Each structure stands twice: as structure tokens, then as C-alpha cells.
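Generate the whole structure from the sequences, applying the supplied hints.
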Amino acid sequence: MNHYLTPDLCDEYPDLVQVVEPMFNNYGLHESFGGEIVTAKCFEDNSKVKELVDTDGKGKVMVVDGGGSMRHALLGDMLAEKAAKNGWEGLIIYGCIRDVDAIMETELGVQALGTNPLKTDKRGLGDVNVTVKFGGVEFVPGQFVYADNNGVIVSPKALSMPE
Numbered sequence: 001m002n003h004y005l006t007p008d009l010c011d012e013y014p015d016l017v018q019v020v021e022p023m024f025n026n027y028g029l030h031e032s033f034g035g036e037i038v039t040a041k042c043f044e045d046n047s048k049v050k051e052l053v054d055t056d057g058k059g060k061v062m063v064v065d066g067g068g069s070m071r072h073a074l075l076g077d078m079l080a081e082k083a084a085k086n087g088w089e090g091l092i093i094y095g096c097i098r099d100v101d102a103i104m105e106t107e108l109g110v111q112a113l114g115t116n117p118l119k120t121d122k123r124g125l126g127d128v129n130v131t132v133k134f135g136g137v138e139f140v141p142g143q144f145v146y147a148d149n150n151g152v153i154v155s156p157k158a159l160s161m162p163e
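The numbering of the sequence shown is my numbering, which starts it at 1 and goes up by one.
Watch out, some of these pointers could steer you wrong.
[Claimed, not checked] Computed list of lysine-lysine pairs in DSSO-like fashion (alpha-carbon distance at most 27 Å, straight line):
1) Lys122 x Lys50
2) Lys58 x Lys133
3) Lys133 x Lys122
4) Lys82 x Lys58
5) Lys85 x Lys157
6) Lys157 x Lys58
7) Lys157 x Lys133
8) Lys133 x Lys50
9) Lys85 x Lys50
10) Lys50 x Lys82
[As the list claims (entries may be wrong)] Restraint-style ranges between C-beta atoms, simulated for each label pair:
11) Glu51 x Pro162: 35 to 41 Å
12) Gly68 x Glu36: 34 to 40 Å
13) Pro162 x Asp127: 32 to 38 Å
14) Asp15 x Met78: 37 to 43 Å
15) Phe43 x Leu5: 28 to 34 Å
16) Met70 x Leu125: 17 to 23 Å
17) Phe43 x Ala102: 22 to 28 Å
18) Met23 x Asp121: 21 to 27 Å
19) Ala102 x Glu163: 35 to 41 Å
20) Val130 x Asp8: 26 to 32 Å
21) Pro117 x Lys157: 36 to 42 Å
22) Asn149 x Leu118: 23 to 29 Å
Everything labelled a hint here was simulated from the structure, so no lab data went into it.
If you're wondering where the values come from, they're calculated on a predicted model, not measured in any experiment.
For glycine and all other residues, C-beta sits at the position ideal for the given N, C-alpha and C.
Below, the structure is given as C-alpha cells:
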């Protein structure tokens, strides 16, 4: 597992990185994570998240645009466990999660706006690998995202920690 420090990455690559407006809380066991962006755009329906956690996520971070809804959780312990099992580096959720105590023990990075115990309906709605925008930044599939307790940053190319 790679360890990233977003302040150091910002200092090293000031012309490359964009900083997402502060809004996320860290819930995963891995407090620092990063990788290639894979997006899911879904509003109060986590069907696309469920589909993606079943795919190979090695070196990838799922960025979920839940429209900022605080009414339902887009990720719970079972989906987080599948994501970890399939090698995902982490998930950044513009929305809520649930089963926080279990997720905090899962080998995964997870950031979200907050928590809500209510699950979503699964209606198969949403889009995968489309550009999404929140927090003043565009998340483009194939670009890169890095997250830690300091914040979330986006870069058009992979970054390495300075020596």
C-alpha cells in the first residue's frame, strides 16, 4: 500500500494538482490512498457502486458522485468488503456511507460527506466512467486522485511522493 501526503504532493506538483474543497471525512482503515479515477454517478441508488466493486480495482479509486445527498448511504460494509477483496485502493463518496465501524476495519480508503443508516433503492440507475464535478474540481476517468486526512487532490497524471 502506498502512503500519500497531499500537502507534500501539492508542494511538489503545484502546477498539476487541483484541490477539492474541504468537505470529506475519512472512514476507511487506510487514511491515505490514491490511484486512477473510476467514476460512478448515481443519486440515491448505489447499483453502479455495487457493479464496480465486483471489478478489479487494483491501482484505482472509485469516485462516486451521489449528488451530495445526505438521505441514503451509497456504501455499506458488504460493498466495502468486496471493494477491498477486489483490490480497490479506496472510494471517495460525494454522499453518505453506513456501517462505519466495520468500514473503519476494512483494508480500504473511504472518504465521504457523512453517514446515514438508510440504504438506497437499487433501480439500476446511474452512469459509470463519466466526468463528474463537485468540490470545485472535475474528476475525469483515467486521471488520478489522492486523499488523506489533509484533503483530496486531483492530477491529470500519476504522482509520486517526493524523496
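(message) Hint check: Lys157 vs Lys58, CA-CA at most 27 Å. Holds or violated?
(response) With Cα atoms ~17 Å apart, Lys157 and Lys58 stay inside 27 Å; holds.
(message) Check the hint pairing Lys133 with Lys122 against an upper bound of 27 Å on the C-alpha distance.
(response) Holds, at about 23 Å.
(request) Given the hint that Lys58 pairs with Lys133, test it: the Cα-Cα distance must not exceed 27 Å. (result) holds, 23 Å
(message) Can you tell me whether the CB distance of Met23 to Asp121 sits inside 21 to 27 Å?
(response) The hint (21 to 27 Å, Cβ to Cβ) holds, given that Met23 and Asp121 are roughly 25 Å apart.
(request) Sort out whether Lys157 lies within 27 Å of Lys85, counting only the CA atoms. (result) holds, 26 Å
(message) Against the range 26 to 32 Å, how does the distance between the Cβ atoms of Val130 and Asp8 compare: consistent or not?
(response) Holds, at about 31 Å.
(request) Evaluate the given range 22 to 28 Å for the C-beta pair formed by Phe43 and Ala102. (result) holds, 25 Å
(message) Run the distance test for Lys82 versus Lys58: straight-line Cα separation, threshold 27 Å.
(response) holds, 13 Å
(request) With 35 to 41 Å as the target window, see if Glu51 and Pro162 comply at their CB atoms. (result) Given range 35 to 41 Å: holds, Cβ gap about 37 Å.
(message) Just to be sure I understand the hint, the distance between the Cβ atoms of Asn149 and Leu118 should be within 23 to 29 Å; is that true here?
(response) holds, 27 Å
(message) Given the hinted pair Lys85 and Lys50, is their Cα-Cα distance within 27 Å?
(response) holds, 13 Å
(message) Range first: 32 to 38 Å. Now tell me if the beta carbons of Pro162 and Asp127 are that far apart.
(response) At roughly 36 Å between Cβ atoms, Asp127 and Pro162 fall inside 32 to 38 Å, so the hint holds.
Violated hint: 12 only; the structure is consistent with all others.
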